[in-house]
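Enquirer: If you read the protein sequences in the order shown, they are chains X and A.
1 is the number of the first residue of the first sequence in the UniProt record's numbering; add one for each residue after it.
1 is the number of the first residue of the second sequence in the UniProt record's numbering; add one for each residue after it.
A portion of the hints provided could be inaccurate.
[Claimed, not checked] Which bits of chain X does chain A cover? Going by a derived footprint, with three or more residues having C-beta under 8 Å, they are:
| no. | segment |
| --- | --- |
| 1 | 5–14 |
| 2 | 48–54 |
| 3 | 74–84 |
| 4 | 94–107 |
Calculated directly from the structure, the hints in this document are not laboratory data.
Glycine included, every Cβ here is placed at the ideal spot set by N, Cα and C.
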Amino acid sequence: MREFGYERAFGVSEAVALLGSAPDARFLGGGTNLVDLMKAGVERPALLVDVRELPLDGVGFTGGGGLRIGATVTNSDLAAHPEVRRHHPALAQAVLAGASGQLRNMATVGGNLLQRTRCGYFTDISKPCNKRSPGSGCPAVDGEHHNHAILGASARCIATHPSDMAVALAAFDAVISYETADGPGELPMSEFYPPVGDTPHIETALPPGALITGVTLPPSPVAAHSRYRKVRERASYAFAIGSIAAALDVRDGVVREVRLALGAVASRPWRARAAEQALIGGPANAEAFAAAADAELAAAEPLPDNGYKVTLMRSLVVAVLTELTEEVSR
Amino acid sequence: MAPSTSSAITLNINGEKYTLPVDHRTTLLDALRERLDLTGSKKGCDQGQCGACTVLLDGRRAVSCLQLAVAAEGRVITTIEGVADGEQLHPVQQAFLDLDGFQCGYCTPGQICSAIAVIEEHAAGWPSAATDDVRPEAGVPALGAEEIRERMSGNLCRCGAYVSIVQAVAQAAEATGTQDKEAVA
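Given these sequences and hints, build the entire structure.
Expert: Written as structure tokens, this is what we have:
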């Protein structure tokens with residue numbers, strides 16, 4: 001591991017200034033991903049700016065009835081928070097589905113959004129990887145890709161985004177707040193993770209040197225009827241091979257409102273807008289749910305070893321929407 | 001000017017203060033084991049996947065292999081060496097002994113530290129991925145086998161002593177008074 005400096009920041013503007021004080025500086029939150037990648041040689045910062053003690057560890061209502069989540073709130077505190085569990089249960093479920101109790105205690109909301117792909121080629125510095133070393137190639141396309149993207153990928157990179165939390169945030173139209181040396185800014189989740197295209201090494205739309213300060217969930221009555229379902233290769237403590245965050249409102253058998261986001265299928269949490277449009281105003285039954293899933297998955301471009309994800313995601317959409325229909329009809 | 005790559009830090013471990021210079025690359029696990037002779041915390045994978053290095057930071061379980069020592073300054077650190085009350089074993093330690101919650105014992109310090117926190121997290125009303133309805137009005141289910149297995153999934157046991165580990169955690173939860181006796185049965 002490269003030697004590095006360490007500074008602990010106690011204020012947001014101090015943290016941003018410290019980051020700008022040295023080249024190759026990184027913010028350190030819980031460190032569950034960054035320290036691991038430093039051990040692997042994937043990350044080689046010259047300076048860590050520890051932001052864990054910034055006063056950004058609260059969860060509370062916004063004036064309009066939404067929820068504001070500070071960037072240094074731990075995954076554990078987010079998932080245990082009564083208002084999150086009451087108003088956005090899929091968000092609590094998504095966070096609880098990720099990692100282990102130990103890691104959730106350490107990991108922060110800001111860091112969760114910025115975690116890196118677990119593609120084995122990305123984390124192995126002896127291998128080419130366009131994300132880690134632009135222009136070096138992507139061995140996954142013709143190699144081990146059974147858990148890689150089926151939607152929105154490019155020939156340059158087929159890695160998936162690993163976060164469960166971000167899938168729920170995408171479904172709920174979360175807005176990410178950040179601070180730079182030039183002042184504060186905001187990005188909606190729909191723009192936070194840019195398409196892969198020819199630049200897989202550019203993973204977020206954050207300006208250089210920006211510090212995530214929080215996440216705002218707009219008021220959304222439908223979010224109270226939401227679920228997160230995660231499929232993985234063992235019962236617990238594994239990354240998803242497919243996941244879904246869904247929220248549904250049904251009146252008299254007709255879909256009034258629906259939110260759908262898919263995980264482990266793309267370089268970013270995949271908001272399933274084609275499926276949502278297919279569902280609105282239509283019947284809330286298994287046939288309609290399957291047709292909506294097909295509308296979304298028509299754009300899928302599976303590789304030789306990940307075609308199962310198309311079937312899996314279709315089944316997940318139907319299963320979770322059926323369960324939500326039963327819940328809201330009660 | 002290049003930033004300094006080492007610092008003198010003071011760590012608060014099991015109620016005692018330890019002052020030592022550390023290279024910033026030093027993890028808390030390596031500081032405990034290699035510098036402070038606190039070798040109860042074990043190094044398994046060294047990448048946050050096995051839980052053998054689990055300690056309590058400010059009362060919450062964490063993997064010490066991904067925790068930089070320099071970033072642990074100012075936090076209250078409890079290791080397996082600090083969970084007993086003198087000669088009186090912690091109820092979780094006693095339960096692991098009573099029920100053979102181990103075979104080789106390498107993962108056991110991490111299992112015990114993790115289980116201590118699991119019982120406290122459950123008593124505080126935290127749901128888990130095994131909790132069907134996470135809404136606060138639904139309450140949190142009793143600490144039965146399914147909840148224990150999910151909550152302890154960050155601690156691997158290569159000997160496969162899981163059956164006894166689950167029983168030990170359930171017994172310890174009962175012994176600490178956070179568990180309805182009938183719910184475990």
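Enquirer: Now tell me, hint by hint, if it's right for this structure.
Expert: A quick look at each hint next to the structure:
no.: 1; hint: 5–14; verdict: holds (count 4)
no.: 2; hint: 48–54; verdict: holds (count 3)
no.: 3; hint: 74–84; verdict: holds (count 4)
no.: 4; hint: 94–107; verdict: holds (count 9)
The structure meets every hint from the earlier list without exception.
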